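Protein chains in written order, with my numbering: chain A, 1 to 218; chain B, 1 to 218; chain C, 1 to 237; chain D, 1 to 237.
Please note that a few of the clues may not be correct.
Unchecked claim - Listed below are the simulated BS3-like cross-link pairs for lysine-lysine, each with C-alpha atoms no more than 27 Å apart in a straight line:
no., chain 1, residue 1, chain 2, residue 2
1, D, K6, D, K221
2, D, K6, A, K16
3, A, K116, C, K72
4, B, K168, D, K143
Claimed, not checked - Derived CB-CB ranges, DEER-like:
no., chain 1, residue 1, chain 2, residue 2, range
5, A, N33, D, K131, 49 to 57 Å
6, D, E10, A, K16, 22 to 30 Å
7, C, G91, A, D197, 45 to 53 Å
Stated by the list, open to error - A few chain C residues that face chain A, going by a derived Cβ cut-off under 7 Å, partial list only:
no., residue
8, G27
9, Q66
10, G124
11, S165
12, N177
13, P180
14, K225
Calculated directly from the structure, the hints in this document are not laboratory data.
As the structure is a computational prediction, the values presented were derived from the model and not from experiment.
A virtual CB, placed ideally from N, CA and C, is assigned to each residue, including glycine.
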Amino acid sequence: MLDKHGIARRIAREIKDGMYVNLGIGIPTLVANYIPDGIDVVLQSENGILGMGPFPVEGTEDADLINAGKQTVTLLPGSSIFDSAMSFGMIRAQKVDLTILGAMEVSENGDIANWKIPGKMVKGMGGAMDLVACARNIIVAMQHVNKRGESKLLTECTLPLTGVRCIKKIVTEMAVLEVLPEGSFFLAERAPGVSVDQIREATAGKLKVPDEVPEMTV
Amino acid sequence: MLDKHGIARRIAREIKDGMYVNLGIGIPTLVANYIPDGIDVVLQSENGILGMGPFPVEGTEDADLINAGKQTVTLLPGSSIFDSAMSFGMIRAQKVDLTILGAMEVSENGDIANWKIPGKMVKGMGGAMDLVACARNIIVAMQHVNKRGESKLLTECTLPLTGVRCIKKIVTEMAVLEVLPEGSFFLAERAPGVSVDQIREATAGKLKVPDEVPEMTV
Amino acid sequence: MNKVVKNAEEAIRDIADNMTIALGGFGLCGIPEKCIEALVKKDVKGLTCISNNAGVDDFGLGMLLQKKQIRKMVSSYVGENAEFERQMLSGELEVDLIPQGTLATRLLAGGYGMPAIYTPAGVGTEIAEGKEVRKFKFNGMEKEYLLEHAFEPAFSIVKAWKGDSAGNLVYRLTARNFSPLIAMAGKVTIAEVEELVPDGELDPDQIHTPGIFVHRIFEGKDYEKRIEQRTVSPKNA
Amino acid sequence: MNKVVKNAEEAIRDIADNMTIALGGFGLCGIPEKCIEALVKKDVKGLTCISNNAGVDDFGLGMLLQKKQIRKMVSSYVGENAEFERQMLSGELEVDLIPQGTLATRLLAGGYGMPAIYTPAGVGTEIAEGKEVRKFKFNGMEKEYLLEHAFEPAFSIVKAWKGDSAGNLVYRLTARNFSPLIAMAGKVTIAEVEELVPDGELDPDQIHTPGIFVHRIFEGKDYEKRIEQRTVSPKNA
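Bound conformation, chain A alone (with noise of 0.2 Å):
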């Protein structure tokens, strides 16, 4: 079972260098404590930054320099600051390469429900509606079960949409899977000391498990 730390640092080894990558709020702004050396990145902020840096230290805090999720953050040489429409053309346009964010759900064929519970919380979907209709590359970085135990990886979404038929690829603390465009989470890789019976049974949409499934590494 990974940790938060270990779902950042595996989602972490999907960034290629020269990539532009939108980090969602949650586990996904930890993965930029992991990217490898030498792996040249730009971060975007859709809230209108490129090349954004580390938390400021103490005492160079900006209230005019935020990143997406409201936090303080600093700027690297070569950023750049623009407007939210400019922000969210890059996105549509696909300038962005790679989206990670965080998920309630995902169903097999490829649906994320993160923005609202009917009834219970109402936050508003932010970005992620833009963002997942228009990446190309989407990676969502869950927990595989809720904290009832239940499955969040479904046959259908049981939460209203943030998007529809757009998550690739899904890593959580057990295994990391890919959605098959025939509908299905392909089972890619295990967690360390993870099973596939265990990942067979915290997964209620229908898992395509290949003959060998390889032990991840973080």
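Fit chains B, C and D to the given chain A structure using the hints.
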């Protein structure tokens, strides 16, 4: 009969304090020279200027600073530069209060033709089609008749149109005319020394003449 | 063209009950603090507010919510605000949640005179209900897009870093966010700035919002610029 | 992310016959002189060029026209070019004339991933032939709009004043014109700059084209920057 400076001077009187004005090539460009004192006006050039100033003093021309007629110009204090999408954005959103441009033909229902003579002259419409389609307030500066003595104020335009039912006011060497909604030229003012009959003769489209036609003050 | 007004009170003098206004800011970053205070004081009611967020309980638009001056919020993200959540769940407050990029682009459309735009955001979700869906090919891929209409708020209110009497605005860092779009979309646009400079001091090449979009401008004093999530790295270097 | 290439030849290495390319510039102002020269030297043929103008007979795109390298021009204004007029009237050159604002907005649409936009420009004229016409209400007025599609050129070429290795660009005065839009619309975007500065030297608040839109950048030497219409005021002050 007015000369082109007279036409420009008469049009300048239409400009009100606080207006943003786009001036086309030719006679409209001259209008800038006759804006009355105490009238605060900002000139827009559709290649991306607000706050355009006069031609530069000899020796200070800057190849990077031209107007939409490709002439070297200057900037006034409080000016701004922007790209062509924003320039036509502000035109389309009717933030520009007044457009003054030339025409080859205008029809009695307010159609205008000024960009093409089939088989002979095809320079392109530049920004004219956007300007006439978007502006709320357009004044045409033109000669009443062409070089062969034929009227340019017609029942219907014979040349390919630039825009339909968009012209409200025309200033020629002979008269100020308004285009009435039902489709006719209303003779609002005569140029000094020009008779109503002369104007009637030079106007091929329907001309509505009030009992009294004041001579214009230029 | 001198667009300078004395203060926030004068700038918002004709914002009346039941109007639709748009306000710049992302979270608490770049919000028009002074005009929001003045709206609270003026106690206009029944406002429809277009703004990406709704502030926090005691700052930003949260102050208008506390006084129940807002009838409807048009936003993309409204977390971090307990009073908001209470009013929304109880039905006191109408809420129109819109994808962030759609919000930005509908404001751009308002500023650029485009009555409608197409975006794929929200296709197949409840956001798409009742909307025209249309297929287009872009970047080698055919997919479905929603038709979304331009925003045309009666008033827009933004906060900038610097401005001049001609109404030109320059924003600082991510305090820019939605503000240039909101400034363009308003039928009347009000700008409050940290520093009002003489005409000619701002570099014409570096104006984010040209003055044509701004109708009233004033310098605000003593900005609080509250930080919503102070995140820092340890001090050892 | 280092996007610096050696020179124009390297930057345009894979622009091949019959491709569609977009080029910045308004008249001769802000044109990518070095890349145009390199295209002339490379002698690629059958190009479709999206550019507001077509240069003059011996400068700018006129040089490509002289060598008959252009199959089709997509422009708003093509006056001031005798060879152009000759090729067009004789049918050697295909010409798609587009209203200037439509051209700009179709490029913006390409850069912003909007497959199509609506504009009133050209409604009721020959430009509207075969196009979808649709009524919308905007600014209190109902009128007709044309549906126009995004430009997606295979290559975009722009010239900027300053740039850095991350591809960020700053333009100077009206040399900006269409260039930021063209830079965004290209599948591959090439920028030539008067001055290539180290990363971190450009103010992040003052970037006109963020580096994400630019794939290759180089510093050009000895710009001619020819003036098309030198108009001056008398020197007596």
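Status of each hint after checking the structure:
Taking the CA atoms of K6 of chain D and K221 of chain D, the gap is near 12 Å; set against the 27 Å cutoff, the hint holds. Pair hint K6 of chain D plus K16 of chain A holds up; C-alpha atoms about 24 Å apart against a cutoff of 27 Å. Proposed proximity of K116 of chain A and K72 of chain C is supported: the alpha carbons are some 19 Å apart, at most 27 Å. For the given pair, K168 of chain B sits about 17 Å from K143 of chain D by alpha-carbon distance, which is consistent with the 27 Å threshold.
In this structure the hint that N33 of chain A and K131 of chain D lie 49 to 57 Å apart at CB holds, the actual value being about 51 Å. In this structure the hint that E10 of chain D and K16 of chain A lie 22 to 30 Å apart at CB holds, the actual value being about 23 Å. A hinted range of 45 to 53 Å for the beta carbons of G91 of chain C and D197 of chain A is consistent with their spacing of about 47 Å. About 4 Å separates the beta-carbon of G27 of chain C from the nearest beta-carbon of chain A, less than 7 Å, and the hint is met.
Contact between Q66 of chain C and chain A, as hinted, is not supported at the beta carbon level, the nearest pair being about 19 Å apart and thus beyond 7 Å. Contact between G124 of chain C and chain A, as hinted, is supported at the beta carbon level, the nearest pair being about 3 Å apart and thus within 7 Å. Nearest Cβ of chain A to the Cβ of S165 of chain C: about 23 Å, over the 7 Å cut. The hint is violated. Interface restraint check: N177 of chain C against chain A, minimum CB-CB distance 5 Å, threshold 7 Å, status holds.
The closest approach between the C-beta of P180 of chain C and any C-beta of chain A is roughly 5 Å, which is under the 7 Å cut-off, so the hint is satisfied. The interface hint given for K225 of chain C is met, as the beta carbon of that residue sits about 4 Å from the closest beta carbon of chain A, less than 7 Å.
Of the numbered hints stated above, those contradicted by the structure are hints 9 and 11, listed in ascending order.
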